[in-house]
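Asks: Sequence:
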Amino acid sequence: MKKLILLALFAGIVFGANLKDNEFFKDTNSTCPIKFIDVFKYPDWIAVLEYKNGKKVLFSSAKQMFYYFYTSKPKEVVPLKKMYVTDYKTKELIEATEAFYVFGSNVVSFSGDDLIPFASYEDAKKFADDNSASRIFEFSKINKKLIDYLD
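Numbering (mature numbering (1 follows the signal peptide of the UniProt record, and there is no 0)), first residue to last: -19 to -1, 1 to 132.
Among the hints, a few may not be true.
[As the list claims (entries may be wrong)] Mimicking DSS-like on lysine-lysine, the simulated pairs with C-alpha atoms at most 25 Å apart in a straight line are:
#1 Lys33 x Lys70
#2 Lys106 x Lys16
#3 Lys36 x Lys106
#4 Lys37 x Lys16
#5 Lys37 x Lys72
#6 Lys122 x Lys63
#7 Lys37 x Lys107
#8 Lys36 x Lys107
#9 Lys72 x Lys54
#10 Lys62 x Lys106
#11 Lys54 x Lys126
#12 Lys106 x Lys37
#13 Lys54 x Lys106
#14 Lys7 x Lys36
#15 Lys106 x Lys126
#16 Lys70 x Lys54
[To be verified] What follows is a set of in silico ranges between Cβ atoms, one per label pair, in the way DEER data are often shown:
#17 Thr12 x Val59: 16 to 22 Å
#18 Lys54 x Asn10: 30 to 36 Å
#19 Gly35 x Val88: 30 to 36 Å
#20 Glu103 x Val59: 34 to 40 Å
Because the hints were derived from the structure by calculation, they are not lab data. Backbone N, C-alpha and C fix where the C-beta goes; we use that ideal spot for every residue, glycine too.
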């Protein structure tokens, strides 16, 4: 069991290092503005707000991104271009608006209870069934009240 945990940790570090070199993340601060950790330490959970001026803000999880989105007061008004979350199954960034979010499972992020994103409803459903989850939410159902509840 210890070997499996060490292997998973090693893979996360290696994957995180490779992801950090990705052109998408070039010239981007990798410290989560909510948890103050390097998001590449936990690459399976990365979430991103991308603004139309090219700026990207990285987060340690979907929950942290939504918290920031609902509570931050930007210094300047810049329209949001896209929101991304990491698909828990494929480990690839997907558009947050198209994701399905598993709520109330026995799997937690660095931040504790979180919303676990999936690109497909079928993957989310299988994960939810396998991990005692309460619900699956579409993007349109995520609101500040839900994020406050998770905190």
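Asks: Hint by hint, say whether it matches the structure.
Replies: Status of the hints after comparison with the structure:
A threshold of 25 Å between alpha carbons decides the hint, and for lysine 33 with lysine 70 the separation of about 28 Å lies outside it, so the pair is violated. Of the supplied pair hints, the one linking lysine 106 and lysine 16 is violated, its CA atoms being roughly 29 Å apart against a limit of 25 Å. At roughly 34 Å between alpha-carbon atoms, lysine 36 and lysine 106 are farther apart than 25 Å, so this suggested pair is violated. Annotation: proposed proximity of lysine 37 to lysine 16 holds, straight-line Cα distance about 16 Å (limit 25 Å).
The suggested pairing of lysine 37 with lysine 72 holds, with an alpha-carbon distance near 19 Å, which does not exceed 25 Å. With a C-alpha separation of about 18 Å, the suggested pairing of lysine 122 with lysine 63 holds against the 25 Å cut-off. Between lysine 37 and lysine 107 the CA atoms are separated by roughly 32 Å; this puts the pair beyond 25 Å, and the hint is violated. Note on lysine 36 and lysine 107: the hinted pairing is violated, with a Cα-Cα distance of about 35 Å set against a maximum of 25 Å.
Proposed proximity of lysine 72 and lysine 54 is contradicted: the alpha carbons are some 30 Å apart, above 25 Å. Between the alpha carbons of lysine 62 and lysine 106 the distance comes to roughly 29 Å, so the proposed pair goes past 25 Å and is violated. Between lysine 54 and lysine 126 the alpha-carbon distance is near 18 Å, which keeps this suggested pair within the 25 Å criterion. Proposed proximity of lysine 106 and lysine 37 is contradicted: the alpha carbons are some 30 Å apart, above 25 Å.
With a CA separation close to 35 Å, the supplied pair lysine 54 and lysine 106 exceeds the 25 Å bound. For the hint linking lysine 7 to lysine 36, the alpha-carbon distance of about 10 Å falls within 25 Å, and the restraint holds. Of the pairs offered as hints, the one joining lysine 106 and lysine 126 holds, with about 23 Å between alpha carbons and a cut-off of 25 Å not exceeded. Our distance criterion of 25 Å between C-alpha atoms is broken by lysine 70 and lysine 54, whose separation comes to about 33 Å.
Between threonine 12 and valine 59 the Cβ separation comes to about 19 Å, which falls inside the hinted range of 16 to 22 Å. Under the hint 30 to 36 Å, the C-beta atoms of lysine 54 and asparagine 10, about 19 Å apart, miss the expected range. One distance hint, 30 to 36 Å for the beta-carbon pair glycine 35 and valine 88, holds here, with the actual separation near 33 Å. At roughly 36 Å, the beta carbons of glutamate 103 and valine 59 sit within the given window of 34 to 40 Å.
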